[in-house]
Amino acid sequence: MNFTNFPIAPPSASTFAPQIDGLYYFLWIFTAIFTLIVGFFVVFFSIHYKEGSPADRSRPLYEHIGLELTWSVIPGILGLVFFYLGARLFIHMRTPPKDAKEIFVVGKQWMWHIQHPNGVRENNTLHVPIDTPIKLTMISQDVIHAFFVPAFRTQMMVVPGRYTDLWFTPTKIGEYHLFCNMYCGTQHSEMGGTVVVMPQADYSEWLKNNGMAVANLTMEQRGAKIFSSIGCDKCHTAEDTIHGPTLNGLYGSKRIFTDGSSAMANDEYIRESILKPHSRLTKGYGETMPEYANDLTEEQVLLLNTFIRTQGAIPAGTAGTTSNLTGAEIPSSGAKTNKNTAMSVNADQHGATPSTATPTIQKGKLSVGATAANEKNQ
Amino acid sequence: MSDATLTHGHDSHEDVDLHHQFEDFEQQCECYIVGMWSFLVTEIMFFGALFLTFTLSRYMYQLDFWKAHEHLNVTMGAINTSVLLFSSWSMVMAVHSNQLRRRIHSIAYLGVTIACAMTFLVIKYFEYSEKFRDKLYPGVGFTHDAHTLHGANLNHAQLFYGLYFGMTGLHAVHIIVGILILSALIRLFVIKAKCVMKDYVPTELVGLYWHFVDLVWIFLFPLFYLMPQPH
Amino acid sequence: MSETAIGTGGAEKKTHASPSYLEDGHSIRSWLLTGDHKRIAVLYIISVTFFFAIGSMFAGLIRLELTQPAGTILESETYNRVFTGHGIIMVFFFLVAAIPATLGNFMLPIMVGAKDLAFPRLNLLSWYVFVAAGVCLFVAILGGGVDTGWTFYTPYSSLYSNSQVTWAVFAAFLAGFSSILTALNFIVTVHKMRAPGMTWFRLPLFVWAAYATSVIVMLGTPVIAITLLLVVFERAFHLPIFSPELGGDPVLFQHLFWFYSHPAVYIMILPAFGVISELVANFSRKRVFGYHAIAFSSLAIAGLGFFVWGHHLFVSSQSMYEGVVFSVISYLVAVPSAIKIFNWTATIYKGNVRLASPMMWALGFFGLFTVGGLTGLFLSCMGTDIHLTATYFIVAHFHYVMVGGAVMAYLGGLHYWWPKITGRLFNDNLGKVSALVTFFGFNLTFFPQFILGFLGMPRRYHYYYFAPEFQVYHVMSTMGASFLALGMGMPAFYFTASLFNGKKAGPNPWGAHGLEWQTTSPPPTFNFEETPIVLDDVYDFDPVSEHENNRRALEDGGDQ
Amino acid sequence: MSQTPRQSHSHITPAINYHLTLIALVVLMLLTVWIARFQLPPVLFLSGVAVNNIVAMTIAIIKATCVVMIFMGVKYQTPLVKLWALIGFVGLILMLGIMLDYFSRGPEVKHGWEPYNDGAMPRARPTDDEMKAPMDPRTDNTQVRQPKP
Ligand code: HEA
Ligand code: HEA
Ligand code: CUA
Ligand SMILES: [Cu+2]
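Order-wise, the sequence lines are chains G, E, Y and H. Our numbering numbers the first residue of the first sequence as 3 and each following residue consecutively. Our numbering numbers the first residue of the second sequence as 2 and each following residue consecutively. Our numbering numbers the first residue of the third sequence as 301 and each following residue consecutively. Our numbering numbers the first residue of the fourth sequence as 5 and each following residue consecutively.
Honestly, the hints are just simulated from the structure, not real lab data. Any given hint might turn out to be false.
[Claimed, not checked] Stretches of chain Y that chain E covers, calculated by requiring three or more beta carbons in the stretch to come under 8 angstroms of a beta carbon on chain E:
{"id": "1", "stretch": "448 to 458"}
{"id": "2", "stretch": "522 to 535"}
{"id": "3", "stretch": "548 to 557"}
{"id": "4", "stretch": "718 to 730"}
Nothing here was measured: the structure is a model prediction, and the numbers come from that model. Note that beta-carbon positions come from the ideal geometry of N, C-alpha and C, so glycine has one too.
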């Protein structure tokens, strides 16, 4: 919590930002002027002409065409000026340049799937090179969403059954909020992530490596990434939810199933529960989890398994309070975490060198929630 | 025709029902007429949104809608149109007779109007049952038979029939309501109620409603039954 | 005082020949089966206040929940139901009905000098339909609530939401229907029931505003009714109209929805404009500046209001060209509002201003509505809207116009006409305090939301733990909401108190002009002992000689 | 009581007018059915289909006008009623303005309305299998967003 910092504008990280900001403040100036004019006269007149005050009331005014015209024509003209400025900017913002790099976005409840033309895919994160016009071609798989990046000052609805597009040219390296800005159901507020603006060279390397910066990660860490990237963490959180049981303390514990039988949660059980979750359902849960039998490689399952095992290593008591699975990671830099109150998420540490990301940084990111929670507990 | 004398209440104001809120009889009549027209305005907008949806869909899927419409029966539609037009005429004649204070005539014309309305519904019933037989009601049970659909895209045909049932159904509901109102009116004539004996405004109000129902059908008919073939 | 001068058929001086409408029958039956517009208005006041209280409770929950980035007491699912409930209740059950069905119902027939509305039974029916709508709403809420947002956007509402959409939609449908009945009544009454001598340009501006509102209701509400029915059909029978999975078009719903709902925002604000016209004229004790301009600007707003619905769809994938057209018309519709604001300001000039509590609410209205309206210009400016749409900037904008504009005006009107409605005087000082607290609390609540919106805080967000920088403004906003609750809750107490120990109000406690002040407080069942004959102009104050009188009285007082 | 004598709408239309109107309506109805059997030629920039539609709608509007003017008696009504009758249709036309969006959107709207199962989607939409498929494990899919505390 930070109550000393009063940001008044989001970071400005695209070519649109200065233009929109300009227009926005310009409009505020007129808002202030008119509010002050109206406010001043209303208050001044009410006091000056208070009943019984000595002010002069001779020749009161009931009708004055000239005055009335003045205050309809001036707002009218001003309005047209605002309209012109706004429409010009809007048309510019809605007309992607021909040479824009195209990236494809699919929205679904409650996740963003993003695919770069060479096939690299990511969820809830969008990596883009700096100073390059980017055009997103977007569609929704279910309900209407909206792709909104405040730092770029632009957004567009993502509609089912129809393509919409959005373009921008990032101008500043860093990580920025990505929000879903059209109400789309229960987890609308959590349907978001990050837009990472990288130097062009880094971006092409990132693309070439299939979006890889994982060379130095341990198996657990890679497992943790898969865990969050395919969305396991949406349902398997620190505590049992209606969507799924917690996995904290799972490994080696005794599981009771819907049919009353029970078994020890070992590697084999975990693998089966990922690939064919419905074959043995934990008591109290229905067939909510999708089957991953055709979707995950054995390598991925293995990585997931190593990660889930470490969750088991946490004594159940603390697991509840550390409140997130990634709590397994070593809390690295508490100091850095607090910087998150700055406008862009970790803008200072990550974006600059994404392709050569070191494990420490990765850890720092992964452990953010855990450290915050730990601090709270202390 | 004598255009002159007789109308409502000028002979003696005391004879007629004057509601407490009105100053005089003239005012009351005008209020009712304006009120009815205001109501019809809302009805126009009510149907209007449906017409808009239909027109838009038809514009989008011209071919599929045309194919789907092939299953409608133009003859029945045309007969129904004539029936409604005729009922509109008998309705207006009922008002006319009422203006001339011809009670029996009024009753007879209203009876004809109701008969027409019934006929309309019977014909509609046959049309609907044919559609139901062919599983052309939207929903899970909608037919997959390409022949019945005349090769139209399934979803679009479903949209067509959804709107068909929605709009003609809503219209039929209005007809049914109309029949009820007309019957009530006939009863007023039969018991020689003051409000219809001395005054024709109630009859005229029912007439306005009934003509409106006719009006809707005048547009429904060409829009649904008479589509040109896209080429 | 001398201002009882409006010529009437002479109702004023006579002693009570007929009982007041409150005395005319005491049984429950005599209330529930009444045809009297005043009793129906009272029934409406009770129901609308009830809905406002519930909607406000929801608002309280929203504000409480947003103080912490990860929420405090609610699940996301519940939160969504709460803000949807808040929106639906406040719009369809409170604000659309608030001024026309309560103050309008009570005052409009009296102001035009009629004995009642043209169709009293229809009027009663409208209240019952409203109650039926309320029942549907409660079925929806008790059955688990609705989570679509008050806009019911498809395909979420038609195919994806697992909540009581059908009931909520019926509730909105019926509430709309009830407003249509009221509107129909108003139109006929204004056209046909005016007292002798009450020409169009002698009508109080409140009547003009109510008339313009009624026209909008009649043209707009049927559209939303059928649109919502189509949503139900789509839910029930999978009729493919709005959902692309089945071949429909989701944007069509938005067009139809806003075709009603933009005019609907003027349904909410126009009666408020009417109230403000009354308050400003009567408390400045001066004829309204530019009566004709204000009267016609109401009609202009009603007309132009039907051409701008697309400004809610700038980024919804509607055609860009259409967006441009809607944007420019949105600016044109701001002009009549500007005329009103400035004309009212000019009305105060050289008046004899009485700063009684209704006037305080009106002054609050000026500040808040101006900010609200001007921030509407940010949104109709397509360039800025692309960033601001669906953020808290919008939430702030519409609360400024709806709460700061319409609700303030409603409360002002309620204060103004309370003595007429109940025959009792309330504590005017408390009224002033309440207006001040509300004004302060309001700004503290909603001004930070402008900044939040520009920072990018999306609306309808339950969590923002990923963006903790928003928290500080949310906390400010919640603090403000507590003051707001205090300010808006206070009238409930002093109004109730006035019923028991308020001083009896004479026919005209404010010394105001208008036919409603010519009859007794509370008025008799048929409003006037005799049909009034109107000979004088509306707001026929004489500020100059009144000022003379005041000055002389003051000097006399000073001499002693 | 009333100080201004109100205009009584005591006009009685001769019945023959109604008979003639009925005949006209039926004839127009037959006409529109008959015309619909032909594919009319294109006129100016209008396609043949459009011409057919325009003709059908024109006939419908003429019929409607007859009903409104004569059966509903608007022709003999006060200006106020005329105004109201007009407002209804003006409102209707206004609402049809919604269609302008679709006309001005260009051709993409057509396939925009295609349902998924049509297979008409261009390639950029991943198939359902692709949607379900998780990320390549080598892909760096950092969820940078802070987890919920
Ligand atoms: C009482 C209700 C009310 C009123 C009166 C208004 C009034 C206006 N509104 Fe607002 N609006 C809402 C309620 C209202 N609105 C609601 C509820 C929403 C959100 C709905 C949702 O999505 O849930 C909304 C959303 C909304 C949007 C959509 C934003 C989006 O979703 O992206 C837009 C865009 O144009 C807009 C514009 C305007 C404008 C231009 C006015 C104008 O009429 C304002 C005119 C007034 C003035 C301009 C002030 C007085 C004038 C002067 C002091 C003179 C100076 C003037 C000039 C220089 C021109 N409003
Ligand atoms: C008339 C309309 C109206 C009114 C009056 C209000 C009043 C308030 N609203 Fe509301 N609001 C809407 C209309 C309105 N709102 C709409 C349409 C939405 C959009 C919904 C959607 O997105 O779908 C919305 C959404 C909305 C949000 C955004 C939610 C989100 O997007 O996640 C927020 C957040 O702060 C909010 C807050 C408030 C607050 C603090 C008040 C305060 O002003 C309330 C203060 C008043 C009180 C606290 C009442 C105190 C008085 C009493 C309790 C006494 C009464 C009792 C008796 C007489 C016995 N509102
Ligand atoms: Cu997706 Cu909100
Ligand atoms: Cu609007």
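Quiz item: According to a criterion of three or more residues whose C-beta lies within less than 8 angstroms of a C-beta of chain E, is the stretch 448 to 458 of chain Y covered?
Solution: It is violated, with 0 qualifying residues against the three required.
Self-check item: Verdict on chain E covering the stretch 718 to 730 of chain Y, criterion of 3 CB contacts below 8 angstroms
Solution: violated (count 0)
Quiz item: Against chain E, does the stretch 548 to 557 of chain Y show at least 3 residues with beta-carbon separation below 8 angstroms?
Solution: Holds, because 4 residues of the stretch 548 to 557 of chain Y bring their Cβ atoms closer than 8 angstroms to Cβ atoms of chain E.
Exercise. Verify the coverage statement for the stretch 522 to 535 of chain Y against chain E, using a C-beta to C-beta distance below 8 angstroms and requiring 3 or more qualifying residues.
Key: holds (count 7)
In the structure shown, a violation is registered for the earlier hints numbered 1, 4, in ascending order.
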